[in-house]
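Using the sequences and the hints, build the whole thing.
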Amino acid sequence: MTALHSSPASDMQVRHRAFAAGRPKAPPHLSNALIGCGFVVPFVIAFSIFVLAPTAIVVVMSFTDWKLGEATVSFAGLANYEQLVSDRVPRISATNTILYALMVTPISVMLGLWLAVLVESSRLGRAFFRSACFLPVVSTTVAMAIVWEFLLHPTLGPVNSALLLAGLPAQRFLSDAALVLPTLAGIAIWENAGYTMVLFMAGLKSISSELYDAAAVDGADRPWERFWTVTLPLLGPTLVFVVIIMLLRSFRVFETVAALTGGGPRRASEVLLFTIYQEGFLFFQVGYASAITVVFVLFLLVLTLVSYRLMDRSVHYQ
Amino acid sequence: MAHIEILNLEKSFGDTRVLRGIDLSIAPGEFVAILGPSGCGKSTLLRIVAGLETHDDGHVLMDGQVVDAMAPKQRDVAVVFQSYALYPHMTVAQNLSLPLVMRDLTRVERLPFVRHVSGRVKHVRKAIRESVERAAAQVEIASLLDRKPRQLSGGQRQRVALARALIRQPKLFLLDEPLSNLDATLRASTRAEIVQLQRKLGTTAIYVTHDQTEAMTMADRIAIMIEGQIVQIGTAREIYHRPSDVRAALFIGSPKMNLFEGVVERGCVRLTATGSIVARTAAAHDGPVQIGIRPEHIALAAGRDEGVPGATMDALPVVVTHQEFLGSEALTHVSLTGAQAGTEAVVRVDSEAIDRLDVGQQAAVRFHPDKLHVFGDDGKRLALVPSQEPSEPGDAIPLNLQASDDSATQLAGV
Ligand SMILES: Nc1ncnc2c1ncn2[C@@H]1O[C@H](COP(=O)(O)OP(=O)(O)OP(=O)(O)O)[C@@H](O)[C@H]1O
Ligand SMILES: [Mg+2]
Numbered sequence: 001m002t003a004l005h006s007s008p009a010s011d012m013q014v015r016h017r018a019f020a021a022g023r024p025k026a027p028p029h030l031s032n033a034l035i036g037c038g039f040v041v042p043f044v045i046a047f048s049i050f051v052l053a054p055t056a057i058v059v060v061m062s063f064t065d066w067k068l069g070e071a072t073v074s075f076a077g078l079a080n081y082e083q084l085v086s087d088r089v090p091r092i093s094a095t096n097t098i099l100y101a102l103m104v105t106p107i108s109v110m111l112g113l114w115l116a117v118l119v120e121s122s123r124l125g126r127a128f129f130r131s132a133c134f135l136p137v138v139s140t141t142v143a144m145a146i147v148w149e150f151l152l153h154p155t156l157g158p159v160n161s162a163l164l165l166a167g168l169p170a171q172r173f174l175s176d177a178a179l180v181l182p183t184l185a186g187i188a189i190w191e192n193a194g195y196t197m198v199l200f201m202a203g204l205k206s207i208s209s210e211l212y213d214a215a216a217v218d219g220a221d222r223p224w225e226r227f228w229t230v231t232l233p234l235l236g237p238t239l240v241f242v243v244i245i246m247l248l249r250s251f252r253v254f255e256t257v258a259a260l261t262g263g264g265p266r267r268a269s270e271v272l273l274f275t276i277y278q279e280g281f282l283f284f285q286v287g288y289a290s291a292i293t294v295v296f297v298l299f300l301l302v303l304t305l306v307s308y309r310l311m312d313r314s315v316h317y318q
Numbered sequence: 001m002a003h004i005e006i007l008n009l010e011k012s013f014g015d016t017r018v019l020r021g022i023d024l025s026i027a028p029g030e031f032v033a034i035l036g037p038s039g040c041g042k043s044t045l046l047r048i049v050a051g052l053e054t055h056d057d058g059h060v061l062m063d064g065q066v067v068d069a070m071a072p073k074q075r076d077v078a079v080v081f082q083s084y085a086l087y088p089h090m091t092v093a094q095n096l097s098l099p100l101v102m103r104d105l106t107r108v109e110r111l112p113f114v115r116h117v118s119g120r121v122k123h124v125r126k127a128i129r130e131s132v133e134r135a136a137a138q139v140e141i142a143s144l145l146d147r148k149p150r151q152l153s154g155g156q157r158q159r160v161a162l163a164r165a166l167i168r169q170p171k172l173f174l175l176d177e178p179l180s181n182l183d184a185t186l187r188a189s190t191r192a193e194i195v196q197l198q199r200k201l202g203t204t205a206i207y208v209t210h211d212q213t214e215a216m217t218m219a220d221r222i223a224i225m226i227e228g229q230i231v232q233i234g235t236a237r238e239i240y241h242r243p244s245d246v247r248a249a250l251f252i253g254s255p256k257m258n259l260f261e262g263v264v265e266r267g268c269v270r271l272t273a274t275g276s277i278v279a280r281t282a283a284a285h286d287g288p289v290q291i292g293i294r295p296e297h298i299a300l301a302a303g304r305d306e307g308v309p310g311a312t313m314d315a316l317p318v319v320v321t322h323q324e325f326l327g328s329e330a331l332t333h334v335s336l337t338g339a340q341a342g343t344e345a346v347v348r349v350d351s352e353a354i355d356r357l358d359v360g361q362q363a364a365v366r367f368h369p370d371k372l373h374v375f376g377d378d379g380k381r382l383a384l385v386p387s388q389e390p391s392e393p394g395d396a397i398p399l400n401l402q403a404s405d406d407s408a409t410q411l412a413g414v
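Residue numbers (our numbering), protein chains in the order written: chain Z, 1 to 318; chain A, 1 to 414.
To give an idea of the chain A side of the interface with chain Z (calculated C-beta under 7 Å), a few residues:
#, residue
1, Pro72
2, Phe81
3, Pro99
Honestly, the hints are just simulated from the structure, not real lab data.
What you are looking at is a predicted structure, and each value in this text was computed from that prediction instead of being measured.
Ideal Cβ placement from N, Cα and C applies to all residues, glycine included.
Laid out in structure tokens, this is it:
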């Protein structure tokens with residue numbers, strides 16, 4: 001059989017050689033390099049303009065005493081960083097931000113994972129639940145914050161009415177220093193869970209159903225056993241990604257604080273981005289705000305690297 | 001070892017009827033291959049027997065007990081999946097021990113630290129480790145126990161999947177095209193190993209494949225499945241020599257059985273191309289039939305009929321269209337030229353004969369009369385009446401193996 005047909009591969013080679021012979025100029029590796037550059041250059045330009053340059057400017061400004069609107073600028077050395085160490089506010093807002101992230105990240109991740117497994121395993125209304133859970137992600141946070149403000153209103157809000165109906169005391173969710181941070185975290189979790197759910201659902205899709213069959217034959221067929229034997233280990237890479245995304249998202253909390261609490265009461269909900277905003281745009285201390293920003297960015301960078309390293313070791317990649 | 005009975009099994013996915021009344025009985029220790037084209041429902045049948053899929057009607061019995069409502073783990077079956085389905089995050093040893101861990105330890109005992117607390121768990125874990133090593137040795141992967149599946153070759157993965165299936169010593173092995181991802185050489189050697197393992201363990205096995213060589217070389221019996229029905233079940237020889245259905249006849253044997261148009265008239269089977277009577281049948285009613293003949297049961301002679309010894313009857317005039325040299329033998333493709341022109345046939349010839357024929361050359365073929373298969377309108381085999389003496393001389397083809405030798409001699413002189 002084979003003897004009768006000439007092999008298509010050798011045919012191709014012959015044709016390719018003939019083709020190349022017709023164009024003796026530019027050696028192929030050179031034109032390939034040019035094409036490669038063509039693809040990379042737009043990115044490099046955009047990245048420089050929108051990321052590198054602003055970062056560099058912020059770093060430079062953090063060593064100056066520039067105030068917004070002032071014409072004079074002078075070099076301030078490490079003065080801004082010294083102020084940062086001695087100042088009380090950045091410390092409070094850093095603590096609040098970390099506490100907030102520690103509440104938001106694990107709960108958003110676990111809730112999203114639970115929802116994803118639940119929705120994926122339910123036959124009915126998968127599309128409906130998926131969109132319903134994703135709704136908070138696509139809606140504007142500030143608009144949603146207004147809804148939450150109404151829901152949590154001390155006297156008019158339905159949440160407090162429900163508490164009263166259940167015989168529990170009403171709460172001042174947004175003006176009680178002990179409650180404000182957990183309340184903001186709760187809003188963030190409500191917003192994030194749909195996002196993590198969609199990410200996990202994408203991860204679940206990539207798990208071969210044959211593995212669940214194998215697990216069922218091997219005796220791991222209860223939901224919990226399936227989860228431990230197949231689902232969780234194979235979602236590992238997704239999990240690492242989602243945890244890091246959630247950490248970064250929760251460290252960048254700003255909108256709800258600005259819209260609902262303004263950092264109050266008594267700085268109980270003061271978070272880093274809000275402090276930066278206040279210093280830079282309300283008190284015009286651009287140099288100082290830049291110094292906080294630099295420290296904040298460095299912290300996020302280290303946090304991302306460390307958490308990635310820690311989790312990556314225990315994760316299986318296909 | 002289990003006796004498996006499948007009774008009138010029905011399965012539909014939505015509007016498509018995938019299984020249409022499957023009946024199958026498998027003796028303890030038997031190795032049965034389910035052979036059929038892609039999409040005929042083989043995997044579905046296997047999954048229903050394993051308990052991974054529900055069925056609409058009928059029953060599955062193991063050792064006389066209806067298992068329709070049982071979960072896979074209660075049925076005590078092991079499955080080797082086509083893509084092996086190894087747990088990618090576990091080492092080979094962990095992959096092999098999972099079935100035993102799930103079976104022998106309770107939920108609490110499975111927790112990682114319990115082995116340091118409970119003497120029983122420590123003991124069980126040790127026994128599991130020993131079983132793992134024994135199973136690994138059986139398929140020669142003992143040196144791979146600490147690797148992850150992604151660090152293994154296709155053949156090694158396949159062995160791990162086999163070891164995981166046999167480690168629990170299940171009552172029934174279910175294998176779904178386990179060799180389809182291996183290269184040809186490895187496939188041939190693994191084929192033999194699987195059969196040897198199965199013989200040694202004596203475990204009943206159902207082996208799904210679309211490869212007739214696998215089915216014929218491995219199985220005690222083959223069930224030919226086509227469009228959700230089992231059209232024939234029997235040994236490879238039975239199916240090859242006495243196919244009960246034209247679809248089974250076409251599916252077993254390579255190259256395929258040749259088919260010619262024919263007609264039954266008052267018990268006589270007439271070949272449409274020549275009009276000659278080639279066989280007699282007891283079949284009651286007249287009508288069109290298909291006459292089948294395997295490539296090795298056709299004799300081929302160069303030239304139009306002349307010079308073929310004993311050619312008193314009508315030989316079929318053909319033209320050679322294509323030749324394939326396969327080493328120990330050769331295949332000559334011919335096309336009828338007279339009535340029924342264009343009907344293709346393949347003739348198996350010895351490998352020297354191929355040099356004496358050219359593409360485009362006129363030739364003649366004749367059939368071995370005892371080797372004809374006649375299939376009725378519904379595709380079912382018609383019983384033939386063995387007739388020693390042809391009633392009209394020259395109508396039946398007086399050809400035997402001797403004659404085919406003669407024609408080869410004749411060809412030598414061309
Ligand atoms: N879960 C399912 N839902 C709908 N249709 C299905 C499902 N599983 C299988 N089918 C259909 O049932 C038919 C038989 O499928 P099956 O997998 O049993 O074929 P097969 O004989 O194993 O084929 P192959 O040799 O290609 O593996 C096919 O037409 C397939 O499309
Ligand atoms: Mg299949």
